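S.K.: Here are the chains, one letter per residue:
Protein chains: 4
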Amino acid sequence: MADKSVKKVVLAYSGGLDTSIILKWLQTEYGAEVITFTADLGQGEEIEPARAKALAAGVKPENIFIEDVREEFVRDFVFPMFRANTVYEGQYLLGTSIARPLIAKKQIEIARKMGADAVSHGATGKGNDQVRFELGYYGLEPDITVIAPWREWNFKSREALLDFAEKHQIQITKDKRGEAPFSVDANLLHSSSEGKVLEDPAVEAPEFVHMRTIAPEDAPDKPTIITIDFEKGDPVAIDGVKMSPATLLTKLNELGRDNGIGRLDLVENRFVGMKSRGVYETPGGTILLAAHRGIESITLDRGAMHLKDELMPKYATLVYNGFWFSPEREMLQAAIDYSQEKVAGQVRVKLYKGNVTVIGRTSPYSLYDQDLVTFEEGKVAYDHRDAGGFIKLNALRLRVLAKRDKRG
Amino acid sequence: MADKSVKKVVLAYSGGLDTSIILKWLQTEYGAEVITFTADLGQGEEIEPARAKALAAGVKPENIFIEDVREEFVRDFVFPMFRANTVYEGQYLLGTSIARPLIAKKQIEIARKMGADAVSHGATGKGNDQVRFELGYYGLEPDITVIAPWREWNFKSREALLDFAEKHQIQITKDKRGEAPFSVDANLLHSSSEGKVLEDPAVEAPEFVHMRTIAPEDAPDKPTIITIDFEKGDPVAIDGVKMSPATLLTKLNELGRDNGIGRLDLVENRFVGMKSRGVYETPGGTILLAAHRGIESITLDRGAMHLKDELMPKYATLVYNGFWFSPEREMLQAAIDYSQEKVAGQVRVKLYKGNVTVIGRTSPYSLYDQDLVTFEEGKVAYDHRDAGGFIKLNALRLRVLAKRDKRG
Amino acid sequence: MADKSVKKVVLAYSGGLDTSIILKWLQTEYGAEVITFTADLGQGEEIEPARAKALAAGVKPENIFIEDVREEFVRDFVFPMFRANTVYEGQYLLGTSIARPLIAKKQIEIARKMGADAVSHGATGKGNDQVRFELGYYGLEPDITVIAPWREWNFKSREALLDFAEKHQIQITKDKRGEAPFSVDANLLHSSSEGKVLEDPAVEAPEFVHMRTIAPEDAPDKPTIITIDFEKGDPVAIDGVKMSPATLLTKLNELGRDNGIGRLDLVENRFVGMKSRGVYETPGGTILLAAHRGIESITLDRGAMHLKDELMPKYATLVYNGFWFSPEREMLQAAIDYSQEKVAGQVRVKLYKGNVTVIGRTSPYSLYDQDLVTFEEGKVAYDHRDAGGFIKLNALRLRVLAKRDKRG
Amino acid sequence: MADKSVKKVVLAYSGGLDTSIILKWLQTEYGAEVITFTADLGQGEEIEPARAKALAAGVKPENIFIEDVREEFVRDFVFPMFRANTVYEGQYLLGTSIARPLIAKKQIEIARKMGADAVSHGATGKGNDQVRFELGYYGLEPDITVIAPWREWNFKSREALLDFAEKHQIQITKDKRGEAPFSVDANLLHSSSEGKVLEDPAVEAPEFVHMRTIAPEDAPDKPTIITIDFEKGDPVAIDGVKMSPATLLTKLNELGRDNGIGRLDLVENRFVGMKSRGVYETPGGTILLAAHRGIESITLDRGAMHLKDELMPKYATLVYNGFWFSPEREMLQAAIDYSQEKVAGQVRVKLYKGNVTVIGRTSPYSLYDQDLVTFEEGKVAYDHRDAGGFIKLNALRLRVLAKRDKRG
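If you're matching them up, the sequences are chains B, G, X and V in order.
First residue of the first sequence? That's 1 in the UniProt record's numbering, and the numbers climb one at a time after it.
First residue of the second sequence? That's 1 in the UniProt record's numbering, and the numbers climb one at a time after it.
First residue of the third sequence? That's 1 in the UniProt record's numbering, and the numbers climb one at a time after it.
First residue of the fourth sequence? That's 1 in the UniProt record's numbering, and the numbers climb one at a time after it.
FYI, nobody ran anything at the bench for these hints, they're computed from the structure.
In this text the structure is predicted, and so the values were computed from the model without any measurement.
Hints may be right or wrong, so weigh each one.
Identical copies look the same in the list; a pair holds intra-copy or inter-copy alike.
What the hints assert, rightly or not - In silico PhoX-like pairs for lysine-lysine, Cα to Cα no more than 25 Å straight-line:
| # | residue 1 | residue 2 |
| --- | --- | --- |
| 1 | K24 | K156 |
| 2 | K7 | K406 |
| 3 | K251 | K232 |
| 4 | K156 | K403 |
| 5 | K113 | K4 |
| 6 | K156 | K222 |
| 7 | K60 | K8 |
| 8 | K222 | K350 |
| 9 | K242 | K113 |
| 10 | K232 | K167 |
| 11 | K403 | K106 |
| 12 | K4 | K156 |
| 13 | K8 | K403 |
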């Protein structure tokens, strides 16, 4: 199956066991020059060690790319997605999905710069990530060759894989030999756990699968109250302190973690067709979603808000399915971004043992008119009798229908 | 303004101060025979006392209708709405909205039976409820006369209203003379608080506005774990005990209340055009929504689920705006109900200090196939290589586009 | 009812009988200084005569505004709407709807410039146009006073109206005394006929109601073939001749008229709640819609096209209902415009006795890849076997479902 | 590649060259017992000759299934689809798409009855039909083996294929040896032509590709006027003569053909990812769509109609992509069918040289109220002043927004 014509391949390389095996496999099976790309997406692990491992595997120094992309990740991917209040299947905050297009983009950029003719990733053949990576690759560089080792190689079992690793002097940490109890993905937005111990959706997820949050039960008995400032739909400060996107999300993650916020145990529908069960932790994102809805609630017109709510499920599915670099996602983003111009102000949020509660919102652009809802006249006059006509004309078609159908 | 030709009017009568004033006003201003309808919707107050009050106001015994409609309310209104996972503006569970069509329906039924030519309600001229009541009336009985006292009478102030009450010997409880700090609606699904002390959305809602739930902070330190059984998308049992719809929701409310579940502080967009701030408590409904999503997650096909998610915002807006008795709500219901045939099984839910967490789901109709997501073959065989073709064809249009546009 | 505090009012003035009566009524009833605004929207009548009439009615010369807005109308309203392939209720090209926001905008601009405190229009109380005008006014100038004479005055009959006209020396053309057989609206995009002779939807519209098109039966026996050039989704040239927007639409109208193109006999649903029957003639617009779909068919990606098709009905309803100046229409426009960047090229269209047929399309940005659909490999390689995987994974969820449900 | 374990395969067999080659290939390559299924879908060719050909190819008499499915096709597939006013990409009436699920269903039924373990079809690897067939198979019988010869065999060219045919004594009609100028599909709803001479979308389709319609230019100079009766959204009579579904559609096809109606030249987006150009002729369907919209225009409430219009693009895409037997298509159908209960009455349609014009509609369930649109009061009273309140409240949010944003 190996396409011997491949000369240079850019591999999304974490430095972990699986991508180390892939690195070696690309070298031996394809005879290709491997370029490694290792990104700090906020996964919470050092990325520099990947350099030594790559060197040890025979990668040329100039072929090793290590980059901290946290700011770009949050600014250009996470925040735009949160402008849409995006949740997949009513609940999932898309923490894994949103990172893949960025990695794909970086790989393509490196491939162009280095004259590579192929890209490769470590996603398996049953998951969504292979789709997200590859739609990203193809959508940016249509003629690139994509190598998906998990779909190509002939290792029949985990054992065979580990034998290959051993044979090529790839270090296998002790616990990898044993059955790892679940598989993990992590970045600055979230961590996810899947598989093994989680595979029976009838059985509660064990506490130890959680990496980013303490249990609500273990969180402090006193609430934490913070304020978040927004500009153009994006958070820009916590408790009045301006922060860069990644710094701010990091801070929200800490606040969320400490208050047991952002856990989700979900059975979801994969794009490739099966249901799977995952445990997600999105501490900062969970706070951000609530706060963003809070600031929108006073600054966004009803028409804009309802249109956003109607478009959101489609937007979420596009991101989940890997269509970030598609005209339809970009069209929806254009509509959403248009709506966020005046989504600015301050939201007060109470964090307490797993709960995120918006307890106050203010904005220089508030559309909330206190006078309008009281007996008094507001900035815009309101005449009670107008409601009569409003109802009458809204009712008209229903009345004509009732005449015909003798309902009720 | 009073239409002197009105002979008999069916009033939605709670027995409280406002509808007592309306009762008297209909008698004096319209010279109409008043029929009172008082429903037990689970608002948590005795309804029988309304009889004595109506009699005292001169209503004929045969014109007093008092009915416990809790089962009908939950079975025919609340549960159908929850089949759609309905939330308005991302958060509100529509507790007030969903009760109005039932009251309207009952009033129309009584009007037909008693030969009344008009109906009346106590909703004000700035709110959504007037719309919901009246669209219900007109949608069922197109020629009915609707009397909306709050839009018609000439009382210039709360004082003038109370003077009218005093003049007609309507009892005014002491605290009503003082400024009531907020206004309230309640039924078996929820309670809501609005106005006065809540009018500044920047200020946290005071603890005392809550009626149905204790604060998460005051809830037990130990989680409560329950199971909920579903059939055709509706809950039918708690912890294995079969219950009628209203009994079940009552039980969920208790569980929710005791665990500080279901509070919502929201600025929402009213159909009549302004934003308003409300505090809602939907303890049982909040549990039900989570559990329903849980059972759907293993029994509903992706296509059905995503279609439901796309339709939901429209459905929610229809309910919120008062279009329950409309062809489009009924069409959506037909689609939703079609999807619920096999939404059955059991969900385990953990309740803890404001959190509702689905921790397990089982179903005789589960579509979750444990084998499919592992390395093993599932009931339906999965070939990793299929994913390659799947991605290639999904990417095809994006590649053609990238060829043209030289993106990235 | 007349608000005597109104000082200056800007009237949308055609110079015809109805708005002449309104002009006089505003002067006499409100005692207001009237400013007239007369626009050339391409209605096919001279607008200069309106000046003499206004002067004769006592309007000060500096209060008479006459403007040719055809280019602005087509460029900023008609073309943006056609980018969305907009049709209301599957058929109506919205010729009347799209003109109202422009008139409203112009009136508000004049009101600001002249210090007027009110605006007025001649639309009746049963139609959509009153809504479109007034939502435009309010959406641009929230405190403006709106005078809608047809909803306010007390003329009980057409006779009373004409008596008022006579009393104030307003010229009544002979045929106006008689029952006019239908009412008319016209601009550069279309003409519409409604009412009277058209009110029975069972009866065919008589030939004489048509103003802009000859009957297909009377059109030439030989087809006319033209080419239309597009840039960024808008037509820019006919048969290679570059034209301004209004000039181009005028030319398309001539071509359509001569070939019997663009007639529509429709029963539609008004925003105010009733059904009405109209006969519309949109000769140039009908050609434009077909041609625009034609150029999109080769330049627009499937994802973009399908998203546009899904959004269109909502967009059409917003325009029809008068929400041009609303955040949700603007959000949709942002999405649509984003998609049109490369909608450019040339379409050949055959016009023949009522038919518009796209017979050829070319584009420098074509996404059509002749090689892809043949047995040969295209610019982007296509492997037949990919289809197997594509189908398998698309089928996966259906197979799991079939396993459960034993369908068929 | 051939799965030698296949014992019996049900082939969708037309009797033509391609499926005759496939029949033989299944016998020789798979060593499988072949069962042929030949359906009369109204393609306009005799199906009985397929029996002799199958026998000649060695198929056992009891393995030959020939069935006239025209009534089922129209009643259970075509009419339900037309209830939704379905058009794909704004124009295509889905004539090919809608026939595939029926064929798939029949093949599965035969496979079950005959104990076959596989099904096969003659669709190529670049088209939509393979997807439609196979999603149908899998959705009804998840464990069936699917054989798609065009994706599997190794014939490198048309020549190789014909050599195989000759070798196995399959008759090749003279013109098949030459380059056929385009490929064809046909059934009672439509015929389609694709490929070869049509592949350049810049070049007009030649007259000779049309099979079902005469050119508008060749149609009679006098219009034909017919009436169509509807019940529950389906046509039931022409000119007062009741007809079965297939008879009625056949009659409409004749009327359409004779008047040059129903031609479409389209570049469309295939599900498999590329654009293709087709010429479609749907004479009867084109009339039916116009007439159905006509009867809906007076019998369907606005809410129902607009919801249908919003759902339609999704419904069309599902049918086009082959998801007929999917929960989401069935959910949409449930909603659509719910709306059609009172879509009944009579539509008069004028047919003239390619044009279909609705010129009259009547219904016992008409919602059109002539009085409502005139100055007179209708069945439901209309008060002009109600429009004032209606507009005011619709404008309220826009005014609050304008206050904030100082627009215009």
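S.K.: The structure should be examined with respect to each hint, and the outcome stated for every one.
M.R.: Taking the hints in turn, this is what the structure says about them:
no. : hint           : verdict
1   : K24 with K156  : within (17 Å within a copy, 37 Å between copies)
2   : K7 with K406   : between (76 Å within a copy, 23 Å between copies)
3   : K251 with K232 : within (20 Å within a copy, 44 Å between copies)
4   : K156 with K403 : neither (70 Å within a copy, 28 Å between copies)
5   : K113 with K4   : within (22 Å within a copy, 49 Å between copies)
6   : K156 with K222 : neither (53 Å within a copy, 46 Å between copies)
7   : K60 with K8    : within (12 Å within a copy, 57 Å between copies)
8   : K222 with K350 : both (10 Å within a copy, 21 Å between copies)
9   : K242 with K113 : neither (35 Å within a copy, 42 Å between copies)
10  : K232 with K167 : neither (54 Å within a copy, 56 Å between copies)
11  : K403 with K106 : between (64 Å within a copy, 19 Å between copies)
12  : K4 with K156   : both (22 Å within a copy, 24 Å between copies)
13  : K8 with K403   : between (74 Å within a copy, 21 Å between copies)
Checked against the numbered hints given earlier, the structure breaks hints 4, 6, 9, 10 and satisfies all the rest.
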